[in-house]
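As you go down the protein sequences, you meet chains A and B in turn. Residue numbering for the first sequence follows the UniProt record's numbering, starting at 1 and increasing by one per position. Residue numbering for the second sequence follows the UniProt record's numbering, starting at 1 and increasing by one per position.
Don't take every hint at face value.
All copies of an identical chain are treated as equivalent in the list; a pair is satisfied when it fits inside any one copy or across any two copies.
What the hints assert, rightly or not - Using 27 Å as the maximum straight-line C-alpha spacing, the simulated BS3-like pairs for lysine-lysine come out as follows:
1. K48 to K508
2. K173 to K48
3. K73 to K431
4. K250 to K432
5. K432 to K73
6. K48 to K401
7. K173 to K431
8. K48 to K516
9. K516 to K153
10. K467 to K432
11. K467 to K576
Keep in mind that the hints were calculated from the coordinates and are not lab data.
Number of protein chains: 2
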Amino acid sequence: MEMELGVFFFNFVILVFAALSAREVEAAVRYYEWSVDYAFVSLDCVEKLAMAINGQIPGPRVDAVEGDTVVVKLTNNLPTEGVVIHWHGIRQFGTPYYDGAASASQCPINSGETFTYTFVVDQAGTYFYHGHFGMQRSAGLYGSIIVSLPANKVEPFHYDEEISLLLSDWWHKSMYEQELGLHSIPPRYVGEPQSLLIEGRGKYNCSLDECSSFHYNCTVDECSTSPDCIPCWPSNPECDPHVIPVHPGKTYRLRLANVASLSALNFILEGHTMTVVMADGHYIEPFEVSNLDIYSGQSYCVLFNANRNPSRNYWAAINVRGRDPTTPTGLAIVQYLPNSANLLPPSPAPVSPAWNDFAASTAQARKYVPRPGLHTEHRYGKVVPKRAAGRTLILLLTQNKIDGYIKWAVNNVSFVPPATPLLAAFKFNLKKISSPPDTPPNFDVSALPAATANINASYGSGAYVFKLGETVDVIIQNGHNLNPDDSDLHPWHLHGHHFWVLGYGNGKFDSRRHSKSFNLINPPLRNTVPVFPFGWSAIRFVADNPGVWPFHCHIEEHFAMGMGVMFAEGVHQLPKLPPPTLGCGLTKPTHL
Amino acid sequence: MEMELGVFFFNFVILVFAALSAREVEAAVRYYEWSVDYAFVSLDCVEKLAMAINGQIPGPRVDAVEGDTVVVKLTNNLPTEGVVIHWHGIRQFGTPYYDGAASASQCPINSGETFTYTFVVDQAGTYFYHGHFGMQRSAGLYGSIIVSLPANKVEPFHYDEEISLLLSDWWHKSMYEQELGLHSIPPRYVGEPQSLLIEGRGKYNCSLDECSSFHYNCTVDECSTSPDCIPCWPSNPECDPHVIPVHPGKTYRLRLANVASLSALNFILEGHTMTVVMADGHYIEPFEVSNLDIYSGQSYCVLFNANRNPSRNYWAAINVRGRDPTTPTGLAIVQYLPNSANLLPPSPAPVSPAWNDFAASTAQARKYVPRPGLHTEHRYGKVVPKRAAGRTLILLLTQNKIDGYIKWAVNNVSFVPPATPLLAAFKFNLKKISSPPDTPPNFDVSALPAATANINASYGSGAYVFKLGETVDVIIQNGHNLNPDDSDLHPWHLHGHHFWVLGYGNGKFDSRRHSKSFNLINPPLRNTVPVFPFGWSAIRFVADNPGVWPFHCHIEEHFAMGMGVMFAEGVHQLPKLPPPTLGCGLTKPTHL
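Sequences and hints are given; from them, build the entire structure.
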């Protein structure tokens, strides 16, 4: 409820600056007031304690126009927990302290505090926000950010209406139990999610075989008296499936984003083909799919025409990809108006490609080609990364054991979030910050890690430091897990930048051989890229955004177990950091 | 892991000052390093996530000698939660910022931070520490503080050995669920505890009738094959009952403290009478009891002689008092050496006075008479409060509804913990701090509160401000709950002071009539006093300790629902507050 005396003025300056620098003079301020609270929710019909914004999961949708300033005044009403909100995909030019990543950009917002995020949404597209402290994302702290084109710009495709769907996964154990389990000896893994959620709705343990349209509306009470009626879809408004009403014949822009804690997902719109037109906020050359892989941290826009038999409804469905799934299909209902939303689709839940068909995944990943001539106003000036890399990192991902704990590590360093945000630590020279190695030790992707690289893994809270404006190549090299013949799929996300995806490959990256295969002609710009099992992914970006930026596996459990690094650039060029972002760790107020 | 640069020096100065000012030149520094973590524990044989210090519940015992300086270097390894530790009964003369009460004395210690508490234990006695942020005490964050007499002082009673027992209650729901339930509409009360714990050990749902000494050692596996063997006492070392080994014929000093979240307890040492010799660290005229009421927040020392039939063992037992109990007796085993600890006492669980026999409770409460001539060195110089009160507060306790939420209120103000610690808010004049009313509105103890006082209840985060050195009388006046004929027992605890208990009474306090009945001859000094249902308790203290001090119901649920006030005195006389105690709310670092 209380606000640091200087913050009003500070934010006002930011806001005016943002408004002046926006390209459209009509750029608006989008103002939100949020309260973060615990809530008892039954998102998949099973009640648990979760974290909600204004009582909602997903939280309130942020709607803005490219160039607008978004202002979110957030009050933390959790009794003892801190909180931060990361604006995933928003680059925070000039406002790195509002990126909302604990240990990187700001101190946690303490219980009872009100903190105001103020930032410009620099590029139209589909984004989302989520908690970025401990495992608060898995507790339900997330929502959509929809950035539209300004009135004087036209989308390079036609649609009549738009729909947004946040996709996620859901556990019945609390985030505290999940996190402690991961940090136990032996570890208690979170396992596969109990449910998959579409717009925060799912059904626990509900096999579609048990349901029929006849039973759709039966309540639990009715079920107890009717042997044919299985309470698979009880009439609980909180966990009724999400309904997507469509008008037959119209074309829809579907904004999809995967905010899952763990799961790579495959999205299917039963009976409809989809035309993919945008990825992570970037226009791409349209292509058609019958099913779409979406890794945690990614977003897509797809077009579809409601041109199927209008006498029935259809499933929108998500299945787990990349892990042997035990979670039933997550289902929503595409309601062909004027059918009832309660008219259950007569078909079984849609089936996705086999979870381990990585050839299909890689093939789809390679299909993304930027659509030239659009977004030419974006920061990089051009779609093609002409500049050769000034610095190349090769980041080896391994499972390691440190003091008996199983950890994830990058070049044998397992990241531990520091108490002092690295942005402040750099800016005020508060401590010596270690720099992790640019390249891994000797390793063998096909061999157990103990044989080579991960003997000497250790904890670290450092950062890679880049020259401002430097072009950086990063090879994210998957390793071999502790179990034989095991390697995970890791979606890697970079804050504060979009990066070009130069290529994917299998096995060990060979610089001489593989860098020749890089796509330097038309690589797509993304903020999240999958690294396939036993494979590598190569990205390039320009370190042109002063700040400290997490680069990490977007699987929340993996980042909690150390799978991430920090990138720092041009921090000393930043003006004063806003006082409300400080106060923790080494940023205590010695002036009082 | 990180420490504010100036804090080493700051604490060093405190420490040297403390050492110099201690009466005994041999005063020592007792140094502890603690880590606060989540832990999966099975204190009553049912696993739950709890908060532990160095993996232990109760946490490590603090052992010190009167005049020693205790230094606790605490690292918060919780992923997202802040934490503080309150040193219950330690007055913190000169170190009010190390009192460990969130919203009063310091900012929460954030995740990853290391914070060092440094304070002098000013008076020999039995004390304890516990979390004082949200409901972290009920999560298991507590332990014992034992302060012994220095070598040149002699206890006014004889004993051969000493034993300490922390008594508490335990819920299977997490503290998050408990707290959210209390703040829900309709409220979900925490209900009676699942178990009572002695030194952190209990047995869930274990009726002693189901147990026999024969079955005591049977394991769950054996039980499954033996129809007579009930797995009431499974062989789980974590929840085996606490064992108190005694040598027949010896005299023991038993140090008892009730750190329960909710429960008033009655302690019984089966077959043994106990001689009560100390209450809340103050010597009292010894008297004998067969059972002892201990309210949450209180401590006692009792003597007993192990003079019973040595061929068997005996129960140490706690039962709930003051609330209609549903929780089985909490049991520990008094092991008469050389009997086996596994020799189960042959008798049923000891029975305490009826839960609602408040006449017995009041009679026992009136028995405490200070033992003159001891502790003459204490701060007040004399046991008898000669000074007449300079200020009198009458604090009415009511259940209220605010915006549909059920709250507890004091003079119609329901306390909400502020984001800025009041100590810093006063010291640096950071905001206007409201002062709640000294007296209640018109009320009727025997009528439903809606009829009179609690129509206009509101939230508040203010403080009563006293002149430094002023003598203050407080009448804590119990009210009528929202349900008919309902009034709770509330144990009220004052930080930073000991107070004289001037008297107890039934019904509405009448100043003219009842103040004449005050015991001004030999009132006992305490830090926690019960307020009986529909009754009042009168206390007096000297506001001579510069700082901000919570005065509140020690039932954690009640304080979480607003049943507390803050007392401030002489704050501007304090030197600089230690920077690590700041950084939250309005104490952000504007100098960086």
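Cross-check of the supplied hints:
Neither within a single protomer nor between protomers do K48 and K508 lie at most 27 Å apart by alpha-carbon distance, with minima of 43 Å and 43 Å respectively. In the homo-oligomer, the alpha carbons of K173 and K48 lie at most 27 Å apart both inside one protomer (8 Å) and across protomers (11 Å), since each shortest distance falls under that limit. Within a single copy, K73 and K431 get their C-alpha atoms only as close as 31 Å, which misses the 27 Å cut-off; across copies the closest is 20 Å, which meets it. Taking identical chains as interchangeable, the C-alpha atoms of K250 and K432 are never at most 27 Å apart, the minima being 59 Å within one chain and 59 Å between chains.
With identical chains, the CA atoms of K432 and K73 are at most 27 Å apart between copies only, with a shortest distance of 22 Å across copies and 33 Å within one. Taking the closest pair of Cα atoms, K48 and K401 come within 27 Å of each other only across two copies (26 Å); inside a single copy the shortest separation is 32 Å, beyond that limit. Proximity of K173 and K431 under a CA criterion of 27 Å is satisfied in neither setting, with 37 Å inside one chain copy and 41 Å between copies. Proximity of K48 and K516 under a CA criterion of 27 Å is satisfied in neither setting, with 51 Å inside one chain copy and 55 Å between copies.
Proximity of K516 and K153 under a CA criterion of 27 Å is satisfied in neither setting, with 37 Å inside one chain copy and 84 Å between copies. Taking identical chains as interchangeable, the C-alpha atoms of K467 and K432 lie at most 27 Å apart only when both belong to the same chain, with a minimum of 18 Å there against 47 Å between chains. When the C-alpha separation of K467 and K576 is checked against a cutoff of 27 Å, the pair qualifies only within one copy, where the shortest distance is 20 Å, while the shortest distance between copies is 41 Å.
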